[in-house]
Amino acid sequence: MINHNANRKSEPTMNTAKDWANASLKNISQVILIENPLSGLLILAGIAVSSWELGLIALIAALIATATAQFLKADPELTRHGLLGFNSILTGMAMYLFMTGPNKWWIALVGAFIAVLITAAFMEFFKESTLPVLTMPFILLTWFMLMMAYRFDRFILTNDLVPQFLSHEKLDQIAIPDWPEALINGYGQIFFIEQNLSCILILAAVFVSSWRSGLFVIGANLVALATAYFFGADHVLIGKGLYGYNAILAVLAISVALPSEKRNRPVFSGLIAAILSVLITASISAWMQPYGLPALTLPFVLTTWLMLAAKRVLPEL
Amino acid sequence: MINHNANRKSEPTMNTAKDWANASLKNISQVILIENPLSGLLILAGIAVSSWELGLIALIAALIATATAQFLKADPELTRHGLLGFNSILTGMAMYLFMTGPNKWWIALVGAFIAVLITAAFMEFFKESTLPVLTMPFILLTWFMLMMAYRFDRFILTNDLVPQFLSHEKLDQIAIPDWPEALINGYGQIFFIEQNLSCILILAAVFVSSWRSGLFVIGANLVALATAYFFGADHVLIGKGLYGYNAILAVLAISVALPSEKRNRPVFSGLIAAILSVLITASISAWMQPYGLPALTLPFVLTTWLMLAAKRVLPEL
Amino acid sequence: MINHNANRKSEPTMNTAKDWANASLKNISQVILIENPLSGLLILAGIAVSSWELGLIALIAALIATATAQFLKADPELTRHGLLGFNSILTGMAMYLFMTGPNKWWIALVGAFIAVLITAAFMEFFKESTLPVLTMPFILLTWFMLMMAYRFDRFILTNDLVPQFLSHEKLDQIAIPDWPEALINGYGQIFFIEQNLSCILILAAVFVSSWRSGLFVIGANLVALATAYFFGADHVLIGKGLYGYNAILAVLAISVALPSEKRNRPVFSGLIAAILSVLITASISAWMQPYGLPALTLPFVLTTWLMLAAKRVLPEL
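Heads up: the sequence lines are chains C, S and F, in that order.
No gaps in the numbering here: position 119 of the first sequence is 119 in the numbering used here, and each next residue is one more.
No gaps in the numbering here: position 317 of the second sequence is 317 in the numbering used here, and each next residue is one more.
No gaps in the numbering here: position 187 of the third sequence is 187 in the numbering used here, and each next residue is one more.
Read the hints as simulated data drawn from the structure, not as lab findings.
No false leads were mixed into what you were given.
Below, simulated DSS-like cross-link-like pairs (lysine-lysine); rule was C-alpha separation at most 27 Å, straight line:
id, chain 1, residue 1, chain 2, residue 2
1, S, Lys-73, S, Lys-18
2, S, Lys-127, C, Lys-127
3, C, Lys-18, C, Lys-73
4, F, Lys-18, F, Lys-73
5, F, Lys-170, F, Lys-240
6, F, Lys-73, F, Lys-127
7, S, Lys-127, F, Lys-127
8, C, Lys-127, F, Lys-127
9, S, Lys-73, S, Lys-127
Here the structure is a predicted model, which means the values were calculated and not measured.
Can you build the whole structure from these sequences, using the hints too?
Right, dumping it as structure tokens:
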């Protein structure tokens, strides 16, 4: 009498509505490198609080990502962990926010679909590497789609995205930074949001996954604000949280979230990562000025790749 | 009595004039991912029909590529398949067309020589990758050489290549696209040509290699034209075939030409590739505007790399 | 009676002041791909002769690199060979020279520290590649830090770095190039210096390591000057040695310094490398014009990578 199924592990299929809901919520939480449906739900609530249309876009983008991965027969393990979909959330939201006119709805959803293809391609590109793809597919796709507006009549950019010749603009150094705002805006800016309640819900999504992560991101934001202030960054931008969100993501990646054989000095490496992310934020923002494009999460991606790779040669980093 | 030669396969040497002619014509046909001397001859005729000087440049570039590979002792297999020379054809033609003045002849031929070195280097860079080099060496070399005109007195650009600050230009949406022209210009634009007979000869070069490929490229061009029109691309550019040639190349690569262990849905993946190539064409064209550089075949290369890599994670793509 | 130490090789530790001095001087000499403390000392003297502050920056940057590598527990072999520190020398000097105001001192030293992290990261990125990292970390870090000046009040660029829209400037073709200056300035420009005695000391540093290297760099410089003159480069820039220093470095790398299983034609490949480096110098300089950034040693890095990779497919190169 042999039980043929004795050693068979449960198939990681995606059959039930619950599987789909879980995968789609993880698509949302993986934006902040967390795999936790409750975190995803809190983030979704945070987005919807700032704008119900934006929340709807995030939700549909999450579902499109799950459906695309299933339809094109991706490994269900990837889908279940939300690893193919987090770039779709950000791309959909970015298209909706940085474009205007009657077509931005479907452009956002087409963007969410293409993001799955680009995420898949980057996974393949990075297969031999020990580095994670992170949000690079979102960054490149969003920049590419925004640039299409200069060639396609149906794509209309908002007035925020104006190419400007690179020159020494006057940085606001007189107004005192709005510190109370600065202290929470960084969390919201991960999802392009400055609304207070949204920011708090997104911070709560981190704490729900782990208290340790929550404390690390608060530290990361504080270090980033202090660094930006010390170097003389524009005070209005500091208040908007624009120097904080990349530090938050980088420290989540370096000190807590990413698997690492040796994470012997998480506070030290988190401190270096937070400072570097501020420097890189300033630089990327200037590089993209002639194109009128936002830095998005590229400072986070570059900081994280740099720290992960350097640590293999400098083990005490 | 032992025949020492019994198991020796014929050496792939390049001794006869016929070997050189075959290799050089394949250098030309490999531009459209086809290894067929007759296709090469039809393309060469197509180029010469539009301008005999341009045909001569293409022919000499093909011979320079073969000679360089032989002189520097490349594996004769690479030379025989035309794999080291197709970037030389395009680079030579691009230099001749985008430059003016008395030096453009020899600059074109120097470009054809350097293109072999860069193609060899990219083959080495991509050795571990599963992706093909495609026309990336031509694109980078042509852009680099055109930029030299801002620093070298002997390099003079034509008036078509003017750096322009990125802004929302008026796209022509009033004139009806010249559809009859649009239907054939895409084939010629692969070689920078809009002449009708040239376009037909180049399309014939595809059909000569395979009827199936011919039908696929006609479909690719139609999808690209429809996509560009739907997104509201400039109607004049649509008529010139500038939104079609990258789709033609990408679908040739994805659906027909490149070896692929799993090409289970060539029409579906060709459709996605053609649409993506139009999006990427618009974007690359805008990115290069501050440098006054043309998109060349970069949209084809990016689309093909993206599709090939994504398919390994999304098998039904 | 067994001598336990009989087969034990000396531990590559960094315990003595002599170890530190050696490693730090090699950090300096490795900028020109030479591992020789005496060469390092001659270069340091050459730098100090042009400006004692600059010499001090170079010395402190060398020590910071050694200290950072030790503190973060890098493999002492890397530190002893000066492989983790040469980017720190160049970054520190570039920050000091391209920035102004009261903060340039500490910005230079922070740059020297970060350069170690980026060098380590690039070593990891290139681990699987057969290509060396060269000065790529210095180039990217310097460009990134200079761009921060557009966002940080404490970073102030000198007036030499002005972004300019790309257009056909008037190249100086009337003045006869200052050939005597041109013949030696290339050596100094590796370290941003035009002072005669400095240039001679740096050339001496090459000869000290090997007569053969010295003759090769003199040839490289001559070929580069002739190439730049033939293509019609700006005569003032030729006189300043700005078309020579990348050729010097590239020929050092290709013909002499880098380990190579097959260096069968060092003069031929050095000649090609010197010519290519001039072409790439012109191009990179134009590409960076909208950002107001100098080409630094990127032409050297690209030329060297191109030649090393191409040689594997074209063995007689």
